[in-house]
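Peer 1: Each chain, written out:
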Amino acid sequence: MSIRVHSWFAILAFVGVLGVAEWGVRRAMPVTPASEAVPRQKHRFRGWPAFTAWQDAPTGTARIVWLSHSQAYAGEIPANRIYADKLERALTAQRAGGFDKVEVMNWSFDGVTSIEMTLMAARLQRADPDLVVAAIGMANFTIDDLARPLSQCRSDLPRLVSHPEIFRALPRAFVRRHVPIEDGLTVAAWDRVGLLRFREFAWSWLDQQWGGLQRGLYAPAVNFHPWQLAHLPARGDFGRAPWSKRAGNVKARYDARSRVLLEEFLDLFQSIPARRHLVIATPHHLKPGNAMAPSMEIFRRDLAALAAARGLPFVDDSDLYGAEGFFDGLHFNPDYHQYYCETLFARIKPLLDTP
Amino acid sequence: MWFNTYTYALFLPVVLLLYAALPLRGRQVMLLAASYLFYCWALPYYGLLLVLSTFLDYAMGLLLEREQRTGRRRLWLGLSLAGNLGLLGYFKYTDFLATNAASLGRVLGLETHWEPLNFILPAGISFYTFQTISYTFQVYRRQYPAERDFISFALFVSFFPQLVAGPIERATNLLPQLKSLAALRMENIRAGLCRILIGLFRKMVIADRMAIVVNGAFSNPDACSPGVAWLALACFYAQIYFDFAGYADMAIGSARLFGVRLMENFRRPIMGVNITDWWNRWHMTLTGWFRDYLFNSLGGFKKGNGRAMMNAVIVLFLCGLWHGARWNFVLWGLWNASMLIAYYGIRALLKKYGLRTRQTGRFTLGVLGSHALIFLISMIAALFFRSPDLPAIGTMLRAMFGLNGATGFPPYLWFYVALLAGWYISEAAEEYGRVSERWAKAPAWLRAAAWALLLILVALGSVNLQTPYLYFQF
Numbered sequence: 001m002s003i004r005v006h007s008w009f010a011i012l013a014f015v016g017v018l019g020v021a022e023w024g025v026r027r028a029m030p031v032t033p034a035s036e037a038v039p040r041q042k043h044r045f046r047g048w049p050a051f052t053a054w055q056d057a058p059t060g061t062a063r064i065v066w067l068s069h070s071q072a073y074a075g076e077i078p079a080n081r082i083y084a085d086k087l088e089r090a091l092t093a094q095r096a097g098g099f100d101k102v103e104v105m106n107w108s109f110d111g112v113t114s115i116e117m118t119l120m121a122a123r124l125q126r127a128d129p130d131l132v133v134a135a136i137g138m139a140n141f142t143i144d145d146l147a148r149p150l151s152q153c154r155s156d157l158p159r160l161v162s163h164p165e166i167f168r169a170l171p172r173a174f175v176r177r178h179v180p181i182e183d184g185l186t187v188a189a190w191d192r193v194g195l196l197r198f199r200e201f202a203w204s205w206l207d208q209q210w211g212g213l214q215r216g217l218y219a220p221a222v223n224f225h226p227w228q229l230a231h232l233p234a235r236g237d238f239g240r241a242p243w244s245k246r247a248g249n250v251k252a253r254y255d256a257r258s259r260v261l262l263e264e265f266l267d268l269f270q271s272i273p274a275r276r277h278l279v280i281a282t283p284h285h286l287k288p289g290n291a292m293a294p295s296m297e298i299f300r301r302d303l304a305a306l307a308a309a310r311g312l313p314f315v316d317d318s319d320l321y322g323a324e325g326f327f328d329g330l331h332f333n334p335d336y337h338q339y340y341c342e343t344l345f346a347r348i349k350p351l352l353d354t355p
Numbered sequence: 356m357w358f359n360t361y362t363y364a365l366f367l368p369v370v371l372l373l374y375a376a377l378p379l380r381g382r383q384v385m386l387l388a389a390s391y392l393f394y395c396w397a398l399p400y401y402g403l404l405l406v407l408s409t410f411l412d413y414a415m416g417l418l419l420e421r422e423q424r425t426g427r428r429r430l431w432l433g434l435s436l437a438g439n440l441g442l443l444g445y446f447k448y449t450d451f452l453a454t455n456a457a458s459l460g461r462v463l464g465l466e467t468h469w470e471p472l473n474f475i476l477p478a479g480i481s482f483y484t485f486q487t488i489s490y491t492f493q494v495y496r497r498q499y500p501a502e503r504d505f506i507s508f509a510l511f512v513s514f515f516p517q518l519v520a521g522p523i524e525r526a527t528n529l530l531p532q533l534k535s536l537a538a539l540r541m542e543n544i545r546a547g548l549c550r551i552l553i554g555l556f557r558k559m560v561i562a563d564r565m566a567i568v569v570n571g572a573f574s575n576p577d578a579c580s581p582g583v584a585w586l587a588l589a590c591f592y593a594q595i596y597f598d599f600a601g602y603a604d605m606a607i608g609s610a611r612l613f614g615v616r617l618m619e620n621f622r623r624p625i626m627g628v629n630i631t632d633w634w635n636r637w638h639m640t641l642t643g644w645f646r647d648y649l650f651n652s653l654g655g656f657k658k659g660n661g662r663a664m665m666n667a668v669i670v671l672f673l674c675g676l677w678h679g680a681r682w683n684f685v686l687w688g689l690w691n692a693s694m695l696i697a698y699y700g701i702r703a704l705l706k707k708y709g710l711r712t713r714q715t716g717r718f719t720l721g722v723l724g725s726h727a728l729i730f731l732i733s734m735i736a737a738l739f740f741r742s743p744d745l746p747a748i749g750t751m752l753r754a755m756f757g758l759n760g761a762t763g764f765p766p767y768l769w770f771y772v773a774l775l776a777g778w779y780i781s782e783a784a785e786e787y788g789r790v791s792e793r794w795a796k797a798p799a800w801l802r803a804a805a806w807a808l809l810l811i812l813v814a815l816g817s818v819n820l821q822t823p824y825l826y827f828q829f
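In order, the protein sequences belong to chains A and B.
Quick note on the working numbering: the first sequence kicks off at 1 and runs consecutively.
Quick note on the working numbering: the second sequence kicks off at 356 and runs consecutively.
Please keep in mind that the hints were generated in silico from the structure rather than gathered at the bench.
For clarity, every value in this text was computed on a predicted model and none was experimentally measured.
Note that beta-carbon positions come from the ideal geometry of N, C-alpha and C, so glycine has one too.
You can trust all of the hints, since none of them are fake.
According to the in silico footprint, chain A covers these stretches of chain B (three or more CB under 8 Å from chain A):
id: 1; stretch: 359 to 367
id: 2; stretch: 579 to 589
id: 3; stretch: 763 to 769
id: 4; stretch: 803 to 810
For reference, chain A alone in the conformation it holds in the complex:
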């Protein structure tokens, strides 16, 4: 098979155009700051490999990694009013553990699944935080996750699966369940090719300015922006499909089958080489007769038993506040970020103070 000279020019032109496009889109996408630098992931669902990249802490700085869900992310209020940021300031101000600075690395986001929780735990296998906290709830370990492939996760944490050190750290059963070949190849391509990542960035960018474009032209089943981009003015609205239905209430279920998800996560969580570990069942309030109550009970029991079996300190905050603490049963009213921060401060400062 011989290739003539003009074919070489053609190949060069082809590769050149692709190269320029790849370079351009990588420059166009915003840089994600590392988790120690910001109170929470400002792009919400995208940029997680960069956000969770681990750098050794400077001398005199303690690090707390906070693995949690939308309650800790609290996208509805400014970042400086969420409990994770308040806790960081309070612990630093009180020189907890004698450290000059305490960094609370808030690895939380809306709708986090057991898959993403396990991936974050795998990400931390070579990190050495002073404290690692899993503040989790039943909805993060539902039976739906058992059949969920990587590509159905909201965040881009699944990209980490294509990193050899993360892949090796994952339990075999997890890989068999969640990483079919197609999904493995998809996240690997997604991780390495900027052009593939840029598509969601571009649609988020467009939709934040001209509402309706994302659902109408790109992702009818996605009701969030993969990239959350601040300070974009709304310029217009392209309308909503007449067949659109408003999202209903989440009906998450946890039962005996979900236990394997929790076990896998806690096994990896336990093996994070942190100085201290802490497992928290997060606060919530269910109205009487809520269909999720039985699942919640099973989850709390399982979490307590599995944490105890692994020697992990466990706190059950499920019933800490009544209905007044939340605007929807799970997410805190703004004042309660302060109250919860104070509760956590009282628990965590002694952990850091103890050598």
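Using the hints provided, position chain B relative to the given structure of chain A.
Peer 2: Here is chain B on its own, set in the frame of chain A:
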């Protein structure tokens, strides 16, 4: 395995590399193994059906060739048909026939009940059974000698680029190519890759995007105003064309990498100026199959106009059923048959009064009107094709004529109108302006840069909605 997956993107180069490294016999064996791997990727046990079909038609082909007695030859042909159609019928039509028989029984006052078997339809069974039937017919009619080399024949039945959704090949075209697989050539690789890229664009950028409107509208027709309902039908016509033509592009492109030229399946159907012209442009290999093995076998045009029309009704009724065991497909077939009969009738009348127009091959206002009429007929056909059941057709019809009281047309839907207009303009430019011929004369580097831009467009413009190829369900 689907074409628009990363698995296929990995599979194809590996097969290509192995192909390059092997001698002829090795290439055939390797392609056969690769084809079975491709087919059995999701549901391995359905590969057995492929094996069964292969053995049956290989044996029947040899028997047909040796046999001189007409009665025996008919017996072997009948056995092949019974085996292939039996396989197809069992998996595809058992539930449909039994459920309808049970319903009829209840109407007649009998105690009848059928618990559906709910088979998962083996992928591509409608395609490869038709392909093997075509082989047997060709041997029966002495149009092609029976294939003695089993590996070549098995590869003919299972050749992965066209196994799952066609084109439905003829032995006369495909078998000689598979028997003499040539070494890789740069020209074939370039042409094959370009065709694959066109297929990806058609599927992932256009067809899947059209599916957003189509799926939404058909999921809740009561919410659709007339404008939205008609747009959804137009979008479905576009979706099924770009989906299936995109698949055919990828099939033809994949085969071309190995130097194999498959038959074309589409030729700009939107440019059809009458209903027969449309059928000569749409799913050409299936249309050709029905014409050669059913319509002509029933007598075709030889026994008068009345008989020809009856034959057309039978063929299109069965063509509808071929697409699926549902009454809406039967209606789709009958709608097309009625349009065909109407066309023949009008043509006969025009001829009688000396008003028959000649086609000049130029783009005129009359041609534009013909295109619009054929588009409208295709949109209504799309209603029957896409509706999940008969009541859904009624609900959509109410929406189309504003009987559900819904109003409004969200501004973003104008984008789809523009896409449909773009489809028409680009096809018209190719049909009447031969754009691709002119483009082929551009410098190689410029064309390569354009292909790269198309790849970028696929990467950026594809939709976040995984839609399986529509014709996989048939």
